[in-house]
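Asks: Okay, here's what each chain looks like letter by letter:
2 protein chains.
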Amino acid sequence: MFEVLKKEGAARRGVFTTPHGVVETPAFMNVGTSAAIKGGVSSFDLKELKCQIELSNTYHLHVRPGDELIRDLGGLHRFMNWDRPILTDSGGFQVFSLASLNSISDEGVTFASHIDGKRIFMGPEESMRIQSNLASTVAMAFDQCIGNPSTRKEAEIAAERTVLWLKRCQKEMARLNSLETTINPKQMLFGINQGGVFDDLRVEHMKRIADLDLDGYAIGGLAVGETAQEMYRVIESVEPHAPAGKIRYLMGVGTCENIIEAVARGVDLFDCVMPSRNARHGHLVTHEGIINLNNQKYERDPRPIDEACSCPVCRRYSRAYLRHLLKAKETLGQRLAVMHNLYFYNTLMEDIRASLDEGRFEAFRRENSEKLGTRI
Amino acid sequence: MFEVLKKEGAARRGVFTTPHGVVETPAFMNVGTSAAIKGGVSSFDLKELKCQIELSNTYHLHVRPGDELIRDLGGLHRFMNWDRPILTDSGGFQVFSLASLNSISDEGVTFASHIDGKRIFMGPEESMRIQSNLASTVAMAFDQCIGNPSTRKEAEIAAERTVLWLKRCQKEMARLNSLETTINPKQMLFGINQGGVFDDLRVEHMKRIADLDLDGYAIGGLAVGETAQEMYRVIESVEPHAPAGKIRYLMGVGTCENIIEAVARGVDLFDCVMPSRNARHGHLVTHEGIINLNNQKYERDPRPIDEACSCPVCRRYSRAYLRHLLKAKETLGQRLAVMHNLYFYNTLMEDIRASLDEGRFEAFRRENSEKLGTRI
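Taken in sequence, the protein lines are chains A and B. Quick note on this note's numbering: the first sequence kicks off at 1 and runs consecutively. Quick note on this note's numbering: the second sequence kicks off at 1001 and runs consecutively.
Since the hints were made in silico from the structure, they are not lab data. The C-beta atom is built at its ideal place from N, Cα and C for all residues, glycine as well. Treat the hints with care, as some may be off.
[What the hints assert, rightly or not] With the Cβ distance kept under 10 Å, some of the chain A side facing chain B (calculated, not the full set):
| hint | residue |
| --- | --- |
| 1 | K6 |
| 2 | G9 |
| 3 | S34 |
| 4 | A35 |
| 5 | V41 |
| 6 | P65 |
| 7 | G75 |
| 8 | F96 |
| 9 | R323 |
| 10 | L332 |
| 11 | Q334 |
| 12 | L336 |
[What the hints assert, rightly or not] Pair ranges (Cβ atoms, derived):
| hint | chain 1 | residue 1 | chain 2 | residue 2 | range |
| --- | --- | --- | --- | --- | --- |
| 13 | A | T227 | B | E1288 | 55 to 65 Å |
| 14 | A | D211 | B | A1308 | 53 to 63 Å |
| 15 | A | M1 | B | R1078 | 28 to 38 Å |
| 16 | A | G74 | B | G1021 | 38 to 48 Å |
| 17 | A | E367 | B | K1047 | 51 to 61 Å |
| 18 | A | K297 | B | K1329 | 28 to 38 Å |
| 19 | A | T227 | B | F1044 | 41 to 51 Å |
| 20 | B | N1294 | A | K186 | 33 to 43 Å |
| 21 | B | R1303 | A | E107 | 36 to 46 Å |
| 22 | A | E367 | B | K1186 | 44 to 54 Å |
| 23 | A | R119 | B | E1288 | 56 to 66 Å |
[What the hints assert, rightly or not] Here are a few chain A residues that sit away from chain B, every Cβ distance over 12 Å (derived from the structure):
| hint | residue |
| --- | --- |
| 24 | S42 |
| 25 | D45 |
| 26 | G147 |
| 27 | L176 |
| 28 | H287 |
| 29 | R300 |
| 30 | H324 |
| 31 | K327 |
| 32 | D351 |
| 33 | R365 |
| 34 | R375 |
Required output: the full structure, derived from the provided sequences and hints.
Replies: Written as C-alpha cells, this is what we have:
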C-alpha cells in the first residue's frame, strides 16, 4: 500500500507499507545482487547504513545457489538474515544483458547461464515462481528489455510483449500467493513500463498497464545509454499517466543528480549499483561533490572522506588511510568506501524527504542537484 | 611489564602491561599486515572479535604507504584507529622471504621492494627508526632469518649476527625513545631467539640475549617447514633459559593444536596468518574440528559454522549462506569466514586462560589439543 503524504510540484513524499515493514519515500534500494552487497557489506552493516530496502537479483540467485535451495532454507530474508523489505528484479534485464541469448518468443526466453553455460528457459510464469521461492517482499514483472539505440518497431514489439507477459505474471502470482506452501503469500507485484525513448509508446504502454491495478509501477529500460535529458523527458511524459496512488520506481538510476531530478518529476523509488561500484574504484560522493581517492593529493589527508558525513567510516578513518588501503588492494578499502557511498545515498534520500516534509524541496534541488554531480 | 599470575607445569597465565593497555596472556595477536586485516576486517570489527593486540608489518608499511607518512599522520594507532597494543615485526622475516635479496653483511641487508623493485637498505638501526615512526607498542629486533633446512654453519652465522644486531637495536631504540619528537617514547623491544633446529645453538643464543634485559623474548625461525615435533623440542630446549619474568612469544604459530602445545611448553604470545588465510579458502575452525565449507554437504546446512560459537557470524548466518557467498566469490563470504576464525582463536585463548586460572589446563589440553586439529 502506498500513501502520498505531501506533494511539491510533481515531487512526492510518501510511505510504502509492505508485509516486511514500511519504506519512507523517496527511497534508494541498496543492491545485493547475489544476496550480498559487493565489497563485503553484510545485512547487519546495511542497518547501520540506514538502508530501508534491499534489492536482489532473480537471475543471479536462480543460477546460484538456486531459488529452490533458498526456498528450502526459508526464503531470502532468512537466508541473508534481513528482516526489512526486499525487492527482487524479474531477471528480465539480466537475461537480455548478461546471459547468451538463444531465442525469444511470446512464451519466454531461452538463454545460457553466464556461470556454467547451462541452457535455461525463463518466461513470466518461471520468473514469478522463482521470485515466489525467494519470497521477496516485491516481485518485479518479467519484461522484455531492449538496447539503446533501438528502432521504433523493436520498442513497439517489446512493449506489446511486456503487456502480455505482465498479465501472465499477475495471474501466476495470484495462483502462487494462494498456495499453502508459499513463504510470502502477500508478495507484491510491480509492473514495468517500456517503450524505449519513444514518448508516445511509453505513454500508451503506461496507460495499458495502469489499468491492471498493480502494487507499484516501474519505469524500465532507461539509464541504458540515452542522455539524462532524454531520460528526464521520458519520465515527464509517462508520469501523468502512472496511477497517482501507486509507488513509482525508476530502475537502475543513478547519480545523486539523476535521483534529485527524477524525484522532481514524481519518482519515489530508485536502485543502482553505481554507488557501490564507484566506491570500489575510489570514487566517493561528498556534500561538496565527487572525489577520486586515488588522487595523489589525498595521500596525507587526515580528514574524513566528507567532513559533513556521520557514516561509520567518516567517524573513524582518514582519506589517507582509505587511499592506502585502496592502493594496497586491501579489501577493507573497498568495504569502507562502499559503506560510505551507500550511507551517503541513504542519507541523501533522508534529506530529500525532510525537504519535502518542510516544503523546501525546490530549494534543496537548486542547491544540491548540480553540486553533488561535480567532480572536485 | 610482564607478571606471571599462575603456573601449571610449564604453562603460564600472565598479564602483559603496555603503554597502550593490558594484554591477558596466553594471547593470540591478530595479523593486519598492511594496517588492515585481510578479508575486509576493520579495527572496529577487531574489538567485536575480542582481539587484544594487533600485529602489523614493518617491511610492508615501509614500502607502502611509507613509515614517514604514518608518523606524520600521528602513528599507526591513529592511522588505523586502533587504541589497543600493536606489535610490529622488524621486517627481518619479510626481507628474507618476500623481497629479492641483493646482499647481506653485518651492516644490514640490501634488497628490492616487492612492490616496485626499488633498492632498499635495512639494518637494525633502520628497522628501529621505521618502527619508531610507526610508534607501535612493541618493536621487534631486526634478526637474520634462515630457511629450513639450513646447515649448522648457516644457523650459527645467523644467530651470531642476530645477537650483534640486537645490541644495536637496543641502543638505537634507547636513542629514539629519548627524542622529543618520538610519538611513543615508551616503545618496548623484544629480542628474537634464533639457531635453526639445533638445540645447543638455540640455548646458547637464548642465554646471550637473556642478559640484555629486554621487554620480551621471541622464538623466531620456527614454523618454516620443520615438523611440529621438532618445533616443540626446540621450545622445550630454550624455555628453561628464557628469563622467567619476561613474556615469551612464538612467532608465526600456528594451528589451535600448535598453540595449546606451545602454551604447555611455556609460551605466552602468538601470531599467525593461518586463521585468516584458511578462512578465505573456506577452512573454518570449530569446537569439533576443522570444516571445509566448500564441501557439497554444507550446501543446504542451516546451522551456523559452529553451534558452540557466539561470534557475530555464527549468531547470524548459516553454513549454506556462507558457502553460497564463497562459491559466488562475494567478498562478504571471505569477510565473514575470517571474522569467525579470528573470534575462534581469540576465544580459544580466553578458554586457555580460564583453564589456567582454574588449574585445569592439562585437562583442557587433553580434551582439545588433538580434536581442534582434526578435519571433520
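Asks: State for each hint whether it applies.
Replies: Hints versus structure:
{"no.": "1", "hint": "K6", "verdict": "violated (37 Å)"}
{"no.": "2", "hint": "G9", "verdict": "violated (40 Å)"}
{"no.": "3", "hint": "S34", "verdict": "holds (5 Å)"}
{"no.": "4", "hint": "A35", "verdict": "holds (7 Å)"}
{"no.": "5", "hint": "V41", "verdict": "holds (7 Å)"}
{"no.": "6", "hint": "P65", "verdict": "holds (4 Å)"}
{"no.": "7", "hint": "G75", "verdict": "violated (12 Å)"}
{"no.": "8", "hint": "F96", "verdict": "violated (21 Å)"}
{"no.": "9", "hint": "R323", "verdict": "holds (8 Å)"}
{"no.": "10", "hint": "L332", "verdict": "holds (4 Å)"}
{"no.": "11", "hint": "Q334", "verdict": "holds (7 Å)"}
{"no.": "12", "hint": "L336", "verdict": "holds (7 Å)"}
{"no.": "13", "hint": "T227/A - E1288/B: 55 to 65 Å", "verdict": "holds (60 Å)"}
{"no.": "14", "hint": "D211/A - A1308/B: 53 to 63 Å", "verdict": "holds (57 Å)"}
{"no.": "15", "hint": "M1/A - R1078/B: 28 to 38 Å", "verdict": "violated (50 Å)"}
{"no.": "16", "hint": "G74/A - G1021/B: 38 to 48 Å", "verdict": "holds (43 Å)"}
{"no.": "17", "hint": "E367/A - K1047/B: 51 to 61 Å", "verdict": "violated (39 Å)"}
{"no.": "18", "hint": "K297/A - K1329/B: 28 to 38 Å", "verdict": "holds (33 Å)"}
{"no.": "19", "hint": "T227/A - F1044/B: 41 to 51 Å", "verdict": "holds (42 Å)"}
{"no.": "20", "hint": "N1294/B - K186/A: 33 to 43 Å", "verdict": "holds (37 Å)"}
{"no.": "21", "hint": "R1303/B - E107/A: 36 to 46 Å", "verdict": "holds (41 Å)"}
{"no.": "22", "hint": "E367/A - K1186/B: 44 to 54 Å", "verdict": "holds (50 Å)"}
{"no.": "23", "hint": "R119/A - E1288/B: 56 to 66 Å", "verdict": "violated (41 Å)"}
{"no.": "24", "hint": "S42", "verdict": "violated (6 Å)"}
{"no.": "25", "hint": "D45", "verdict": "violated (9 Å)"}
{"no.": "26", "hint": "G147", "verdict": "holds (27 Å)"}
{"no.": "27", "hint": "L176", "verdict": "holds (22 Å)"}
{"no.": "28", "hint": "H287", "verdict": "holds (22 Å)"}
{"no.": "29", "hint": "R300", "verdict": "violated (6 Å)"}
{"no.": "30", "hint": "H324", "verdict": "violated (4 Å)"}
{"no.": "31", "hint": "K327", "verdict": "violated (7 Å)"}
{"no.": "32", "hint": "D351", "verdict": "holds (26 Å)"}
{"no.": "33", "hint": "R365", "verdict": "holds (35 Å)"}
{"no.": "34", "hint": "R375", "verdict": "holds (24 Å)"}
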